[in-house]
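Number of protein chains: 2
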Amino acid sequence: MRGIKLVAIFRVKMECVEEAKAVFEALIEPTRKEKGCIEYELFQDESDPASFAFIEEWATAEDLANHRKSEHLMRARENMNSFTVEKISSTYSLIK
Amino acid sequence: MRGIKLVAIFRVKMECVEEAKAVFEALIEPTRKEKGCIEYELFQDESDPASFAFIEEWATAEDLANHRKSEHLMRARENMNSFTVEKISSTYSLIK
Chain A
2 MRGIKLVAIF
12 RVKMECVEEA
22 KAVFEALIEP
32 TRKEKGCIEY
42 ELFQDESDPA
52 SFAFIEEWAT
62 AEDLANHRKS
72 EHLMRARENM
82 NSFTVEKISS
92 TYSLIK
Chain B
2 MRGIKLVAIF
12 RVKMECVEEA
22 KAVFEALIEP
32 TRKEKGCIEY
42 ELFQDESDPA
52 SFAFIEEWAT
62 AEDLANHRKS
72 EHLMRARENM
82 NSFTVEKISS
92 TYSLIK
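Keeping their order, the protein sequence lines are chains A and B. If you want the numbering used here, it's the 1-based position in the first sequence plus 1. If you want the numbering used here, it's the 1-based position in the second sequence plus 1.
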């Protein structure tokens, strides 16, 4: 049994790409230090620079819930709301 | 410089979940043997069993292009077209 996989795709306003990138990047170091964080990587869509993806893995649902309440994420969320056009986020369990 | 990340999310017809799972699972072993395949994992959405995700990583764009032309994927695609309601697929480069 592996952890919980999470994929979060953010499409942001074209004029906010650099701002969004900075806000997303700033989340990485503090999040990787969180309890239960197995993987937390930030990607940019090769054909659409205004689309970003986080691919994450968390040891338990509780660890993910704690991450969602973390101070750094709460703070980033205020900015994220201002530049995000669309967000697709789901948690996944590994089949194979 | 890491490889190319690919996330492909498939939402399938509710009545085809088991069929889709079998078709997707059958792709794993032959794909992992392909040249340049770094990662190829299949997931199921925890809140929507009719939604699946492949998270992949390929060494080069050429390896990914070859995968897309592979016999096992070409064959699976015929079935996939019959049960897939929505497909979201993008390639990503790692920021951090």
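Be careful, since some hints might not be right.
No copy is singled out in the list; a pair is fine if it fits within one copy or between any two copies.
Said to hold, decoys possible - Below, in silico cross-link-like pairs of lysine-lysine (BS3-like), each with a Cα-Cα straight-line distance of 27 Å or less: (1) LYS22 - LYS97; (2) LYS88 - LYS14; (3) LYS14 - LYS36; (4) LYS70 - LYS34; (5) LYS34 - LYS14; (6) LYS36 - LYS97; (7) LYS97 - LYS70; (8) LYS97 - LYS14; (9) LYS14 - LYS70; (10) LYS88 - LYS22; (11) LYS36 - LYS22; (12) LYS22 - LYS34.
Treat the hints as calculated values from the structure; they're not laboratory data.
Status of the hints after comparison with the structure:
Proximity of LYS22 and LYS97 under a CA criterion of 27 Å is satisfied inter-copy only: 10 Å between copies versus 32 Å inside one chain copy. In the homo-oligomer, the alpha carbons of LYS88 and LYS14 lie at most 27 Å apart both inside one protomer (12 Å) and across protomers (23 Å), since each shortest distance falls under that limit. Taking the shortest Cα distances, LYS14 and LYS36 never come within 27 Å of each other, neither inside one copy (32 Å) nor across copies (37 Å). When the C-alpha separation of LYS70 and LYS34 is checked against a cutoff of 27 Å, the pair qualifies only within one copy, where the shortest distance is 15 Å, while the shortest distance between copies is 41 Å.
In the homo-oligomer, the alpha carbons of LYS34 and LYS14 never lie at most 27 Å apart, since the shortest distance is 29 Å inside one protomer and 39 Å across protomers. Taking the shortest alpha-carbon separations for LYS36 and LYS97, both the intra-copy value of 25 Å and the inter-copy value of 19 Å come in at or below 27 Å. Taking the shortest alpha-carbon separations for LYS97 and LYS70, only the inter-copy value of 22 Å comes in at or below 27 Å, while the best intra-copy value is 30 Å. Taking the shortest alpha-carbon separations for LYS97 and LYS14, only the inter-copy value of 21 Å comes in at or below 27 Å, while the best intra-copy value is 36 Å.
Taking the shortest alpha-carbon separations for LYS14 and LYS70, only the intra-copy value of 25 Å comes in at or below 27 Å, while the best inter-copy value is 34 Å. For a Cα distance limit of 27 Å, the shortest separation of LYS88 from LYS22 qualifies both inside one copy, at 15 Å, and across copies, at 26 Å. Taking identical chains as interchangeable, the C-alpha atoms of LYS36 and LYS22 lie at most 27 Å apart only when both belong to the same chain, with a minimum of 24 Å there against 32 Å between chains. Taking the shortest alpha-carbon separations for LYS22 and LYS34, only the intra-copy value of 20 Å comes in at or below 27 Å, while the best inter-copy value is 35 Å.
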